[in-house]
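**Student:** Next come the chains, spelled out residue by residue.
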Amino acid sequence: MRSLVRPAQYLALAVYLVFLGFPLVWLVSASVKSSGELNSLSVSLLPQEWHWDNYAQALERQGIVRSAFNSLVVALLSTALVIVIALPASYVLARVKGKVRMAGVAWILVSQVFPVVLIILPLFLVLRTLRLTDSLVGLTLVHMTYMLPFALWMLQGYVAAVPVELEEAGAVDGAGRLTVLRSIVFPLLTPGIIATAMFSFVSSWNEFFFALVLLQSPENYTLPITLKMFIGGEGKVALGPLAAGAVLAAIPSIVFFSLLRRKLTSGLMAGAVKR
Amino acid sequence: MRSPRAWKGICLLLTGALLAGCGGSGDDGSGPVTLTFQSLSDQPAAIAATNAIVDSWNETHPDVQVDVVPAGWDGIYDKLITQFNAGSAPDIVHYEAAGIAQFAADGYLADLTPHMSPQTREDIPPGVLDSVTVDGKVVAYPTELQTYVVFANKALLDRAGVPVPTGPTMSWTQLREIARAATKDGVHGLSWGLSSPTSTFVAMAPAFGGQYFRGRGEDAELSIGPGEMALPELVRAMAYEDRSILPVTLTQSGSKALAPFYAGQVAMTVQGSYQAANIAKDAPEGFEWIALPPLAGSVGPAQAANPQTLSVNADSEHVAEAAEFLEYFTSTENLVKLNAADALIPATTSAREALAEELGTQNGWDVILASGEHVTSAPYLFVSKYAQWKDTVATPAYQRFLAGEIDADGLARELRDGWQSTND
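Protein sequence lines correspond, in order, to chains X and H.
Numbering follows the working numbering, in which position 191 of the first sequence is assigned residue number 191; successive positions increment by one, without gaps.
Numbering follows the working numbering, in which position 420 of the second sequence is assigned residue number 420; successive positions increment by one, without gaps.
Bound conformation, chain H alone:
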């Protein structure tokens, strides 16, 4: 690089790039209020639905304009914690209930209790409202949620000679019997992606009366009893006694566990409800699949709620305007649009009913939306060290248990001792 012309070229390139990077609009404080809305919508249809809702708001509210700032789910906690600590978080924050409790406890989220209309409050099922209520204050508007659903290959169920359950719910005993009956001729009854089992077990424990935690924050206590142990023990019995679960899937993600379902190697699969959209898209031609009724344990079909949420930054200068936008965003009509696009279950009763009416039985929507009726409070959302316990203690312990390396007593002991050491 001896040519002076070449050096000049590089200098110009650098200078140009610097100037380009320096570009930006100033904010002189005049004109309409502008709210920044950091959205995590990730599917093309959901992004379009979110933008359409925001556009319609902006058209009808010239004094309060909303700017959508798209962001991804990956690494969002680190981004948010930095933004909150540095005082530069957006006005409206999209996240999930499992993540906002600590933000609220640290004072980063505005109290939306006085802003939430009585109609909206009544429209949110109590279990879902609990998941966004911290110290008696509503800190977020819930928008979308998922449940765990059983999808079945109808041809394999017919071949197994088992009646397809059609009632409002299906017991775990029924599921076990169907899986056992369908396990023959190289086919397994069930695939279940349990590579990260803690979230699934904690979410489905309420069906057996399992709560895992009592109390909140740093004072929470872990309880491992029959209600918490019922589901892991059932899964292990199906895997090792009945041999009705395809073993490899216990070490895979939920998405990976769909492959043997498509290939006709398993009759059923337990998946997040949103997978209905993927199954409809990816299943081989002629593959006849159905969603089975919501699973009920010894105390009912309850599952813990962890909805996606919209909160308002406590440091925002326009909390009231932001809350007004959230009222609009979570109206029945808008939640129907958003959840239909995202293949998730609306967090309000009216939107769930409207979506059920709109979509009918296609792609198992009737069953999936029915499962949304049974969501309940999730005590783990409010436990300060839950994430640490989940990653460092519970997940490896459950993995060892499902691999047959430790027994039920050993699992319970590891979970309790691990919680103790996590809190020391």
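Next up, chain X with everything else stripped away, as it sits in the complex:
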């Protein structure tokens, strides 16, 4: 009986992977199908004939490379800013007790309940005063502001999970406050920082509404805006080029995740044992 457990686990894992991977496979398949095949009833996983024009259209028609670069800049910048601000703030939030912590938590929760459509107008007016409405810097600041509360919430949970006893042990060994933070606490927080960075990056990468309203010039458009332009009025959708654009759009995210994935696990217990 026990010998069947491992194969069953692998089978379940394989089924789960197929379940997760199917939309991506379907997307890639759709990106190389002709318009006629996409609108046909004879549905097949693999295209009857490979149609690379969709990629050419995606690249040429809407300036998707420039949009991807803009998205990358905004996502990396806002992620970096979020981490830089959230890391010390979350430490304070997790370690300090009393009214300050209560106020911080309350602020985080309240900031999450407003729908974006409610805050876009005052935000737009503020940014217009700062002459940042049609700029990537303005969008970066907005993304950073919008993601910060959730990042704080995530990170303070990781900080709270680090035993205070480890810090006290460091202090007993003669380490100063900063040394304890740098050598003991932050290494233990690496998985949390990576997870928060991933969340922030994806949130910014996919964000549509703020970019839609704030950006005016096509040269500043981010990827979600550009991809949405394949969906036209009167129900017109350029499905093939849209799928091709979506495949291209997924590549930077996949690369970013691949780079950070190893850090996610390798940092798990780093710093826990004094060397």
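Worth flagging that the hints you see were computed from the coordinates, not collected in a lab.
A portion of the hints provided could be inaccurate.
[Said to hold, decoys possible] Facing chain H, from chain X, some residues (calculated, C-beta under 7 Å): (1) G21; (2) L41; (3) G232; (4) G233.
[Claimed, not checked] Mimicking BS3-like on lysine-lysine, the simulated pairs with C-alpha atoms at most 30 Å apart in a straight line are: (5) K154(H) - K236(X); (6) K236(X) - K281(H); (7) K256(H) - K137(H); (8) K256(H) - K281(H); (9) K236(X) - K385(H); (10) K281(H) - K184(H); (11) K184(H) - K256(H); (12) K97(X) - K256(H); (13) K154(H) - K184(H); (14) K154(H) - K256(H); (15) K390(H) - K137(H); (16) K390(H) - K184(H); (17) K137(H) - K385(H); (18) K256(H) - K236(X).
For each residue, glycine too, the CB sits at the ideal point set by N, CA and C.
Put chain H on the given structure of chain X with help from the hints.
**Tutor:** Just chain H now, kept in the frame of chain X:
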């Protein structure tokens, strides 16, 4: 990341990106007038046509230059409402009649009445002109519109032994009989993508005398009578009594309902007229398709007009220049170019006739353009809470009716009660 060099690299990257983002041109107010034109043209050919028209204007009008700012249809209402509220909307706004009435009522759109030339005004059919007139003021130039058209698989009609209608119009009774005759051997007579049925029913109701609304703005009253109920009841009868409509298509979008048409599973399909271009492109080789004459109900072939429009921002410092550009943009020659590229029907009579002459009968253009003669006023365009009623009341009620969950009386009651609660 312990290397100081790596940190320096990140700092440089961030600084560079910040500087790149800060870049932009200043506007010192000197030189020619520059108008921003937020265009929603989405098809490659239409984008090219729009740019060509703007380029030709810019070449001949050095003192008034137009900058095209492309935007997408998705989310455009939210973008426009924010831009108008923040006072940063473009000079020229591309949208649709169904969306501009409220903008005009809120004072965001300039009154173009004194700027529109008598020739242009006469060239726009009364029903279309009505759709861009708010409180007696013309607030937009209409450019393109669509109607609902029946496309047919000629081989399946021939096999059904029914004569293909060729007159100036075709009655709904004829359509029903043809659909019934073609329903055999695994083939259904009709596919009709009615996942969002309200727009279709409201647009086609005038053929039966249905208006849906009386009055304007917040004082509008909903009227659900025989004229409004005729088409939903007809569709349900075809679906459940005749069984001539492929049932699954009633829950699909118009584009999805094309797939069984291409596959030879249905003899006809009701679609937006612009689909003619897609059918020509996507239909299998050897697929012989035709556009049937415009559908006529008990009072004629009328359909409600909801054209695409070009308006001028009321806060623009150059309303007169913008209106002059719109006169140019909507000239017969330019509307022909734009509508041919977008596979839509020109909003002016002269452009429709010129396009009909240019394109002849290819891809059903003659029939499609003929359907544009019958567009009429659309009272729903000027009703403040129409969009809310449509999304929260009418669409789910129609979907339940088409699914057989409620009867005609129940549908009428839900539509009326829903309107009442929407206005409370």
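**Student:** Determine for every hint whether it applies to the structure shown.
**Tutor:** Taking the hints in turn, this is what the structure says about them:
1. With its C-beta approaching chain H no nearer than about 25 Å, G21(X) sits outside the 7 Å limit, and its interface hint is violated.
2. Interface restraint check: L41(X) against chain H, minimum CB-CB distance 4 Å, threshold 7 Å, status holds.
3. The criterion of a C-beta within 7 Å of any C-beta in chain H is met by G232(X), whose closest approach is roughly 3 Å, and the hint holds.
4. Here the hint on G233(X) is kept, as its CB sits about 4 Å from the closest CB of chain H, short of 7 Å.
5. The hinted pair formed by K154(H) and K236(X) meets the criterion: a straight-line CA distance of about 25 Å does not exceed 30 Å.
6. With a C-alpha separation of about 14 Å, the suggested pairing of K236(X) with K281(H) holds against the 30 Å cut-off.
7. A C-alpha spacing of about 39 Å is found between K256(H) and K137(H), which places the hinted pair above 30 Å, so the restraint is violated.
8. Proposed proximity of K256(H) and K281(H) is supported: the alpha carbons are some 15 Å apart, at most 30 Å.
9. In summary, the hint linking K236(X) to K385(H) is supported, as the alpha carbons are separated by about 26 Å, within the 30 Å threshold.
10. Among the hinted pairs, K281(H) with K184(H) is consistent with the structure: their alpha-carbon atoms are about 28 Å apart, no more than 30 Å.
11. Between the alpha carbons of K184(H) and K256(H) the distance comes to roughly 22 Å, so the proposed pair stays at or under 30 Å and holds.
12. For the proposed pair K97(X) and K256(H), the alpha carbon gap of about 58 Å is over 30 Å, so the pair is violated.
13. In summary, the hint linking K154(H) to K184(H) is supported, as the alpha carbons are separated by about 15 Å, within the 30 Å threshold.
14. Our distance criterion of 30 Å between C-alpha atoms is met by K154(H) and K256(H), whose separation comes to about 20 Å.
15. Restraint check for K390(H) and K137(H): the C-alpha separation of about 26 Å stays at or below 30 Å, so the hint holds.
16. For the hint linking K390(H) to K184(H), the alpha-carbon distance of about 36 Å lies beyond 30 Å, and the restraint is violated.
17. Proximity of K137(H) to K385(H) is assessed by CA-CA distance (about 21 Å); at most 30 Å being required, the pair is judged to hold.
18. Distance check on the hinted pair: K256(H) and K236(X) sit about 11 Å apart at the alpha-carbon level, within 30 Å; holds.
Checked against the numbered hints listed earlier, the structure breaks hints 1, 7, 12 and 16; every other hint is satisfied.
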